[in-house]
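**Student:** The residues making up each chain are set out below.
There are 6 protein chains.
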Amino acid sequence: MRLTDLIAAVNPFARLSTADAHCDLFCGVYYPEQARIEAESVLNCSVKYHDSDDEVFRDRCILVKEERAELVKHHLWVLWTDYFKPPHLEEYPELHELFWKATKLAGDAKKSMDPQVGQDLLDAIDEISVIFYKTKGGKPEWLTS
Amino acid sequence: MRLTDLIAAVNPFARLSTADAHCDLFCGVYYPEQARIEAESVLNCSVKYHDSDDEVFRDRCILVKEERAELVKHHLWVLWTDYFKPPHLEEYPELHELFWKATKLAGDAKKSMDPQVGQDLLDAIDEISVIFYKTKGGKPEWLTS
Amino acid sequence: MRLTDLIAAVNPFARLSTADAHCDLFCGVYYPEQARIEAESVLNCSVKYHDSDDEVFRDRCILVKEERAELVKHHLWVLWTDYFKPPHLEEYPELHELFWKATKLAGDAKKSMDPQVGQDLLDAIDEISVIFYKTKGGKPEWLTS
Amino acid sequence: MRLTDLIAAVNPFARLSTADAHCDLFCGVYYPEQARIEAESVLNCSVKYHDSDDEVFRDRCILVKEERAELVKHHLWVLWTDYFKPPHLEEYPELHELFWKATKLAGDAKKSMDPQVGQDLLDAIDEISVIFYKTKGGKPEWLTS
Amino acid sequence: MRLTDLIAAVNPFARLSTADAHCDLFCGVYYPEQARIEAESVLNCSVKYHDSDDEVFRDRCILVKEERAELVKHHLWVLWTDYFKPPHLEEYPELHELFWKATKLAGDAKKSMDPQVGQDLLDAIDEISVIFYKTKGGKPEWLTS
Amino acid sequence: MRLTDLIAAVNPFARLSTADAHCDLFCGVYYPEQARIEAESVLNCSVKYHDSDDEVFRDRCILVKEERAELVKHHLWVLWTDYFKPPHLEEYPELHELFWKATKLAGDAKKSMDPQVGQDLLDAIDEISVIFYKTKGGKPEWLTS
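Chains E, B, Z, X, A and Y are the protein sequences, given in the same order. In this text, residue positions in the first sequence follow this note's numbering: the first is 1, and each later residue adds one. In this text, residue positions in the second sequence follow this note's numbering: the first is 1, and each later residue adds one. In this text, residue positions in the third sequence follow this note's numbering: the first is 1, and each later residue adds one. In this text, residue positions in the fourth sequence follow this note's numbering: the first is 1, and each later residue adds one. In this text, residue positions in the fifth sequence follow this note's numbering: the first is 1, and each later residue adds one. In this text, residue positions in the sixth sequence follow this note's numbering: the first is 1, and each later residue adds one.
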């Protein structure tokens with residue numbers, strides 16, 4: 001038996017997960033990975049900015065980081081509004097604050113070239129991801145294999 | 001004396017408002033009107049859909065409504081994440097739920113052709129707008145004149 | 001009786017306004033405020049650029065101003081092409097030049113860090129807005145209240 | 001001697017054309033072809049719509065036509081605002097009306113499935129293109145060869 | 001020892017992977033998951049289209065599928081052009097054809113409501129993903145844990 | 001007889017060209033000119049960057065070049081995936097490599113301020129354009145006249 005099956009068996013949200021898939025024409029496809037991948041880019045932009053003394057390269061780091069941080073915000077907002085439902089908030093009332101904090105961090109990551117902000121953003125997304133996968137009953141096999 | 005002057009005189013957020021302007025490189029320019037204007041389009045799309053029996057026109061109502069509702073969500077999310085600060089949440093703890101409800105309504109407005117949903121969305125934005133302008137000490141003159 | 005009712009009573013474009021709502025699937029929702037709000041951002045970017053000596057912040061001022069000025073141009077262009085009709089041009093033949101001048105100013109505002117250009121852009125939009133609301137019979141109540 | 005050289009020799013706008021290249025950071029690259037190519041797509045969408053009885057295909061015709069017509073408007077607006085200068089308007093005072101008419105036609109082409117509207121749009125762009133190339137002293141060789 | 005360490009130890013592309021990270025200001029962040037997630041949406045749109053007899057819902061399935069399929073194409077193209085280098089092509093000469101086939105399938109998935117096309121697209125992306133992770137020395141831990 | 005007629009008479013792809021028009025709802029409208037026009041902007045940005053010592057102007061050169069180079073990549077990718085068919089690849093097997101090289105050059109043009117890279121990009125697009133027009137039986141008259 002796979003780990004995902006075990007989690008699915010004891011998942012109080014199993015029935016809700018099925019319902020979720022039909023709540024948004026977006027076909028119920030949600031992955032915190034979308035936000036985290038872009039956040040990885042944000043962090044890398046900050047790191048590379050400090051590793052270079054090429055003025056043009058450093059300018060592009062600022063530019064690309066701005067775009068990627070905006071995408072992080074978008075993916076997080078969609079997860080917050082479109083995926084999570086009232087029963088989830090009852091189980092995890094901290095969700096609003098977690099999303100608010102994470103999206104604010106993405107904004108900070110636009111303003112700052114400090115890699116620590118990028119790392120804090122990744123950590124904030126991971127916090128959300130843990131809760132997300134608890135409500136889903138684990139990660140899908142195609143992702144972990 | 002205008003109404004806005006009275007409100008500004010007693011606004012506990014006056015100092016915060018000034019600080020806000022420097023928190024986000026977006027130059028502190030926030031207006032719930034941006035979301036409300038697009039929500040007006042969303043409502044009109046639903047109304048016109050029912051007023052027409054032209055298949056192509058009705059198709060375009062669905063298409064344009066989808067785009068405008070997405071813009072409503074974006075403007076609301078930006079207001080929630082970029083404008084409101086912790087002191088605001090202490091004064092108005094219902095803000096997270098109001099934004100969550102409003103953005104979910106924008107999603108519903110994509111799915112539904114019922115004008116009532118579009119009206120509910122406008123009402124939800126107005127609720128947020130009332131709080132927003134309390135924190136700002138009233139609307140700017142250029143908007144109301 | 002509200003101010004808007006008085007204006008509507010004597011508005012020679014009243015019948016046209018109703019027709020406008022059906023001319024563009026965009027449901028006849030037009031607001032010069034959309035352009036003006038983004039222009040406020042453009043001005044703020046120029047102002048803040050001069051108030052800071054942080055190289056990264058100044059870079060982002062240039063970047064954000066570029067985006068916002070592009071949005072100003074878009075909103076103005078849409079107003080020009082989609083809202084104004086031949087009868088309006090007969091009443092206000094200067095409209096083409098006003099829009100041409102305003103959108104060119106938005107382009108100048110991309111190139112210049114001089115706040116005066118941003119202020120000129122706001123003034124140009126206000127000129128258009130005055131005419132716009134004459135043709136509409138005044139601002140809607142939700143905006144001014 | 002190439003045709004373009006002959007035209008350039010007698011072109012009253014020769015000096016202006018060089019100046020144009022420095023007026024917009026967009027590096028002075030303007031081509032009515034950008035608008036015309038998208039307009040060709042718009043026309044084809046209308047034509048194919050009538051050639052098919054597949055409901056899904058016809059839906060996509062409406063959708064793609066909407067996107068392409070929006071691009072036509074954008075390219076025309078940019079040409080109007082960013083390329084043409086006051087001396088051009090003195091020589092060709094009809095330019096404002098030509099652009100206004102063409103962009104309105106692009107809007108009509110969104111609403112209508114009638115190929116004639118798409119053809120009218122192409123013709124309107126060609127009218128602008130003729131004037132454009134008179135001010136440029138002819139088409140560049142890479143385009144015509 | 002983790003699986004990824006084992007793979008990294010024998011990975012002939014280890015040195016190249018590090019170099020990759022510095023080839024594109026995008027900070028070397030590439031994930032086939034980005035394309036696959038959007039492809040999952042595309043498949044779901046087709047499935048739900050057949051499960052519903054609501055005309056508006058079915059219209060939105062077509063619309064959303066169009067957007068998501070476009071994103072699939074974009075993510076795949078970026079992976080092809082920005083991640084893969086000549087040494088990869090020497091090791092896996094079939095890469096051009098795999099990407100060409102996959103992006104063409106994404107185009108087919110726009111045109112077709114047949115879920116099989118969406119499934120073929122997922123399979124095509126998985127083929128690319130297998131090669132991709134061979135060149136990377138395995139999936140990162142944050143993704144699989 | 002025009003040059004295009006001669007080419008069309010001996011074009012082995014004539015029948016295929018007609019079929020192409022129906023392969024993609026995009027109505028079979030493809031033009032390498034779309035990529036080349038944006039590439040001209042990319043080159044100009046690099047040239048003007050060196051001609052100026054204005055810090056803000058130079059920053060905008062980097063910014064605009066980034067956007068235009070991205071558009072070059074997009075237009076090329078669409079041409080590669082949506083226009084070219086297997087019979088074309090049999091006749092011109094070098095197409096995959098040509099597109100791969102050209103899109104990589106567009107990426108290089110984002111990173112580099114060296115006009116030579118911009119020129120190389122134009123040359124790469126011209127190589128593709130030559131093959132493209134062989135398969136089409138020549139340029140359309142509206143483009144060359």
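These are computed hints drawn from the structure, not numbers from a lab. Keep in mind that a hint or two might mislead.
[As the list claims (entries may be wrong)] The calculated lysine-lysine pairs, modelled on DSS-like cross-linking and capped at a C-alpha distance of 25 Å, are:
| id | chain 1 | residue 1 | chain 2 | residue 2 |
| --- | --- | --- | --- | --- |
| 1 | Y | LYS111 | Y | LYS85 |
| 2 | A | LYS111 | B | LYS111 |
| 3 | A | LYS101 | Y | LYS111 |
| 4 | E | LYS101 | B | LYS101 |
| 5 | X | LYS139 | Y | LYS139 |
| 6 | E | LYS101 | B | LYS134 |
| 7 | B | LYS101 | B | LYS111 |
| 8 | Y | LYS134 | Y | LYS101 |
| 9 | A | LYS134 | Y | LYS101 |
| 10 | Y | LYS85 | Y | LYS139 |
| 11 | Y | LYS111 | A | LYS85 |
| 12 | Y | LYS134 | X | LYS139 |
| 13 | Z | LYS85 | Z | LYS134 |
| 14 | B | LYS134 | Z | LYS101 |
| 15 | Z | LYS111 | X | LYS85 |
| 16 | X | LYS85 | Z | LYS134 |
Predicted, not measured: the structure shown is a model, and the values here were computed from it.
**Student:** Confirm or reject each hint.
**Tutor:** Verification of the hints:
no. : hint                : in the structure
1   : Y:LYS111 - Y:LYS85  : violated, 32 Å
2   : A:LYS111 - B:LYS111 : holds, 22 Å
3   : A:LYS101 - Y:LYS111 : violated, 29 Å
4   : E:LYS101 - B:LYS101 : holds, 18 Å
5   : X:LYS139 - Y:LYS139 : holds, 14 Å
6   : E:LYS101 - B:LYS134 : holds, 23 Å
7   : B:LYS101 - B:LYS111 : holds, 15 Å
8   : Y:LYS134 - Y:LYS101 : holds, 20 Å
9   : A:LYS134 - Y:LYS101 : holds, 23 Å
10  : Y:LYS85 - Y:LYS139  : holds, 19 Å
11  : Y:LYS111 - A:LYS85  : holds, 17 Å
12  : Y:LYS134 - X:LYS139 : holds, 22 Å
13  : Z:LYS85 - Z:LYS134  : holds, 14 Å
14  : B:LYS134 - Z:LYS101 : violated, 36 Å
15  : Z:LYS111 - X:LYS85  : holds, 17 Å
16  : X:LYS85 - Z:LYS134  : violated, 29 Å
Figure legend: structure checked against the earlier numbered hints; hints not met, in rising order: 1, 3, 14, 16.
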